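Please work from the sequences and hints to get the whole structure.
Top line first, the protein sequences correspond to chains A and B. Numbering-wise (my numbering), the first sequence opens with residue 1 and increments by one. Numbering-wise (my numbering), the second sequence opens with residue 1 and increments by one.
Some clues are possibly wrong.
Claimed, not checked - Keeping only pairs whose Cα atoms sit at most 30 Å apart, straight-line, the calculated DSSO-like set for lysine-lysine is:
1. A/LYS111 x A/LYS56
2. A/LYS56 x A/LYS42
3. A/LYS56 x A/LYS71
4. B/LYS57 x A/LYS68
5. A/LYS42 x B/LYS13
6. A/LYS68 x A/LYS56
7. B/LYS57 x A/LYS42
8. B/LYS13 x B/LYS57
9. A/LYS71 x B/LYS13
10. A/LYS111 x A/LYS42
These are calculated hints, taken from the structure and not from any lab test. Note that the structure is a prediction, hence the values are computed from the model and not measured.
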Amino acid sequence: GESVGLHLPTLSVQEGDNSIINCAYSNSASDYFIWYKQESGKGPQFIIDIRSNMDKRQGQRVTVLLNKTVKHLSLQIAATQPGDSAVYFCAETDNQGGKLIFGQGTELSVKP
Amino acid sequence: KAGVTQTPRYLIKTRGQQVTLSCSPISGHRSVSWYQQTPGQGLQFLFEYFSETQRNKGNFPGRFSGRQFSNSRSEMNVSTLELGDSALYLCASSFLTGGLNTEAFFGQGTRLTVV
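Here it is as structure tokens:
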């Protein structure tokens with residue numbers, strides 16, 4: 001069945017270090033991917049997206065990499081800050097009726 | 001520009017009752033999706049509406065229903081509530097262009113507790 005899974009449920013990093021959060025997806029038809037950040041008591045917050053015709057996209061301190069060959073997605077956060085502590089979700093869609101399929105999430109903890 | 005607004009933020013209901021949740025999307029967004037978030041199941045897709053039509057539906061029982069109005073506001077209804085329906089219900093809106101989804105923005109969610 002459809003699934004989007006994360007390799008690491010928890011990640012602890014030192015402030016200032018770079019963080020890498022990984023995600024595997026199984027639907028070959030998925031052509032749009034989004035990373036979300038969710039803080040306690042809040043809804044998911046859009047971080048960055050990427051379409052399947054790209055393999056890399058950069059934002060402010062964040063980079064998303066897409067490897068369609070192995071169906072792998074990663075989120076890189078540069079110079080991680082305490083405010084980056086949250087649960088990160090990857091999501092995929094094949095543009096069929098606006099349905100996003102979410103991974104289980106990775107909890108990022110940043111130590112000062 | 002106002003974000004996605006969900007009301008109410010918190011709700012406590014008794015088993016067997018029914019509940020209606022509301023979502024106002026970002027101005028100009030015509031696609032509204034609903035998700036259920038629980039610790040055990042994570043984020044699960046409920047349904048999506050575009051121009052008042054349900055385009056897609058997740059694997060939830062018929063007790064879960066929704067609708068969208070001409071101003072793109074959406075409501076979801078859960079009838080005959082069960083304890084397992086306790087969850088954070090999230091609404092997301094997005095702007096479709098050329099038939100492609102664009103980034104979906106989420107509201108703060110409605111925390112439903114069934115007792």
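Hint check:
1. A/LYS111 x A/LYS56: OK: A/LYS111 and A/LYS56 at ~28 Å, within 30 Å.
2. A/LYS56 x A/LYS42: Since the Cα atoms of A/LYS56 and A/LYS42 sit roughly 28 Å apart, the hinted pair holds (cutoff 30 Å).
3. A/LYS56 x A/LYS71: holds, 14 Å
4. B/LYS57 x A/LYS68: holds, 27 Å
5. A/LYS42 x B/LYS13: Roughly 21 Å separates the two Cα atoms, so the pair holds.
6. A/LYS68 x A/LYS56: Judged against 30 Å, a Cα distance of about 11 Å means the pair holds.
7. B/LYS57 x A/LYS42: holds, 24 Å
8. B/LYS13 x B/LYS57: holds, 25 Å
9. A/LYS71 x B/LYS13: With Cα atoms ~42 Å apart, A/LYS71 and B/LYS13 exceed 30 Å; violated.
10. A/LYS111 x A/LYS42: Given pair A/LYS111, A/LYS42 holds - Cα atoms ~22 Å apart, limit 30 Å.
Of the numbered hints given earlier, the model fails hint 9 alone.
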